[in-house]
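Each chain, written out:
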Amino acid sequence: MKNLKMSIAAMLLLAVSFTNAQEKEKMNHDHGDMKMDHSKMMNKNSDAKAEAILSDYFNLKDALVADDTKKAAQAGTKLVASLKAFDMGSYTKEQQKELADIIEDATEHAEHISESAIDHQREHFKTLSKDITDMVAITGTKSTLYEQFCPMYDKGSAWLSTSNEVRNPYYGSKMLKCGKVQKTIQ
Amino acid sequence: MKIVKIIAIILLVAFVGIQFIPTTRNQSDTVPSTDFMLVNNVPETIQKKLQVSCYDCHSNNTQYPWYNKIQPVAWFLEDHIKEGKAELNFNEWDSLSSRRKASKLRSIIKQIENGEMPLDSYTLIHSEATFTEAEAEELINFITQLKDSL
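These protein sequence lines map, in sequence, to chains A and B. Oh and the first sequence: position 81 is 81 in UniProt numbering, straight run, nothing missing. Oh and the second sequence: position 8 is 8 in UniProt numbering, straight run, nothing missing.
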């Protein structure tokens, strides 16, 4: 009997430490998965990668305009991937330094957006918008963009859009048309 | 009855057993020159508050409670500290770029404003870590100033 007790106890111990180790491993895997995808964007033109980032950013913006947390989170995850895939090879050293900084910051905001509720997503979207605007100032873009501005959200907040019609991502349906175009980027 | 006894023994043995699984402790004797308090002119009241309310999880040095020695508490704390430091490490403040600093400061303001930090699981035991309204306002004003001066 004593023997039996001992062996059961030993097995349980093993099981406990095992599950713990496995859980840790699983967590690591989850993180890895998030950063994949996007192989279809891999062409030689580095500009195309900036365009891919922009396209994910606009999907995110549209999701916030539509008050759709889930879609915004998905767009955030995609944005993390396209930011990671960005290739700075063709830029000057100084630009690379600036871009690396922008990408690091933007990635953090995109990560938070991928796992937060809508209020939080919007908070991070504000800083993300600044990052993406600064990125475009360096990379340029093939399309015409409109920098729009809402004076009400958090003491004034800007975002980018491909249309000059205002659709407010910070308030969504609550104040869809609040804001104005403050700059055209070509 | 016998089965209850066996289960009790198993649980006891498991509890004792997990005590032997090691955890990393977040402790350091030195404060690096990049520390938030060293590079910014932080008023003393705010310094104290940050130390008590934030530094346990957002720096390289945790003031551990006695029960940290007991599993599974130690695992829980280890995870939180790891996550906290990844988000923001006050000790390494000055190694961040202006853009990153501005981002972090904005997040600090939002977290305090929304009462999301310090975590409830932390203030439950460290009641002194809670921010009164006046303390929150003082900190937010200071952080806002700092952000605008970047």
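Since the hints were made in silico from the structure, they are not lab data. You may find that some hints are simply not true.
[Said to hold, decoys possible] Straight-line Cα separation of at most 25 Å, DSS-like style, residue types lysine-lysine; simulated pairs:
hint, chain 1, residue 1, chain 2, residue 2
1, A, LYS97, A, LYS130
2, A, LYS70, A, LYS93
3, B, LYS69, B, LYS147
4, B, LYS110, A, LYS70
5, A, LYS97, A, LYS84
6, B, LYS82, B, LYS69
7, A, LYS155, A, LYS84
8, A, LYS174, B, LYS110
9, A, LYS126, B, LYS69
10, A, LYS180, A, LYS126
11, B, LYS147, B, LYS85
12, B, LYS2, B, LYS48
13, A, LYS142, A, LYS174
14, A, LYS126, B, LYS110
15, B, LYS101, A, LYS155
16, A, LYS155, B, LYS147
17, A, LYS84, B, LYS69
18, A, LYS84, B, LYS85
19, A, LYS130, B, LYS82
20, B, LYS101, A, LYS130
21, A, LYS130, A, LYS142
22, B, LYS110, A, LYS155
23, A, LYS71, B, LYS85
We went through each hint and held it up to the structure:
1. A:LYS97 <-> A:LYS130: Holds. LYS97 (chain A) to LYS130 (chain A) sits at ~17 Å (cutoff 25 Å).
2. A:LYS70 <-> A:LYS93: Not OK: LYS70 (chain A) and LYS93 (chain A) at ~38 Å, beyond 25 Å, violated.
3. B:LYS69 <-> B:LYS147: Violated: LYS69 (chain B) and LYS147 (chain B) sit about 39 Å apart, past 25 Å.
4. B:LYS110 <-> A:LYS70: Roughly 22 Å separates the two Cα atoms, so the pair holds.
5. A:LYS97 <-> A:LYS84: holds, 15 Å
6. B:LYS82 <-> B:LYS69: holds, 17 Å
7. A:LYS155 <-> A:LYS84: violated, 31 Å
8. A:LYS174 <-> B:LYS110: With a Cα-Cα distance of about 21 Å, the restraint between LYS174 (chain A) and LYS110 (chain B) holds, given a limit of 25 Å.
9. A:LYS126 <-> B:LYS69: violated, 42 Å
10. A:LYS180 <-> A:LYS126: Distance ~16 Å between LYS180 (chain A) and LYS126 (chain A) Cα, so the pair holds.
11. B:LYS147 <-> B:LYS85: The hint holds at about 20 Å.
12. B:LYS2 <-> B:LYS48: Violated - the C-alpha atoms of LYS48 (chain B) and LYS2 (chain B) are around 55 Å apart, more than 25 Å.
13. A:LYS142 <-> A:LYS174: Distance of about 32 Å is beyond 25 Å: violated.
14. A:LYS126 <-> B:LYS110: Judged against 25 Å, a Cα distance of about 12 Å means the pair holds.
15. B:LYS101 <-> A:LYS155: holds, 19 Å
16. A:LYS155 <-> B:LYS147: It holds: about 14 Å lies between the C-alpha atoms, which stays within 25 Å.
17. A:LYS84 <-> B:LYS69: violated, 39 Å
18. A:LYS84 <-> B:LYS85: Holds, at about 22 Å.
19. A:LYS130 <-> B:LYS82: The given pair, whose Cα atoms are some 28 Å apart, is violated under the 25 Å limit.
20. B:LYS101 <-> A:LYS130: Cα-Cα ~14 Å, so holds.
21. A:LYS130 <-> A:LYS142: holds, 19 Å
22. B:LYS110 <-> A:LYS155: holds, 13 Å
23. A:LYS71 <-> B:LYS85: violated, 29 Å
The earlier numbered hints that this structure contradicts are 2, 3, 7, 9, 12, 13, 17, 19, 23.
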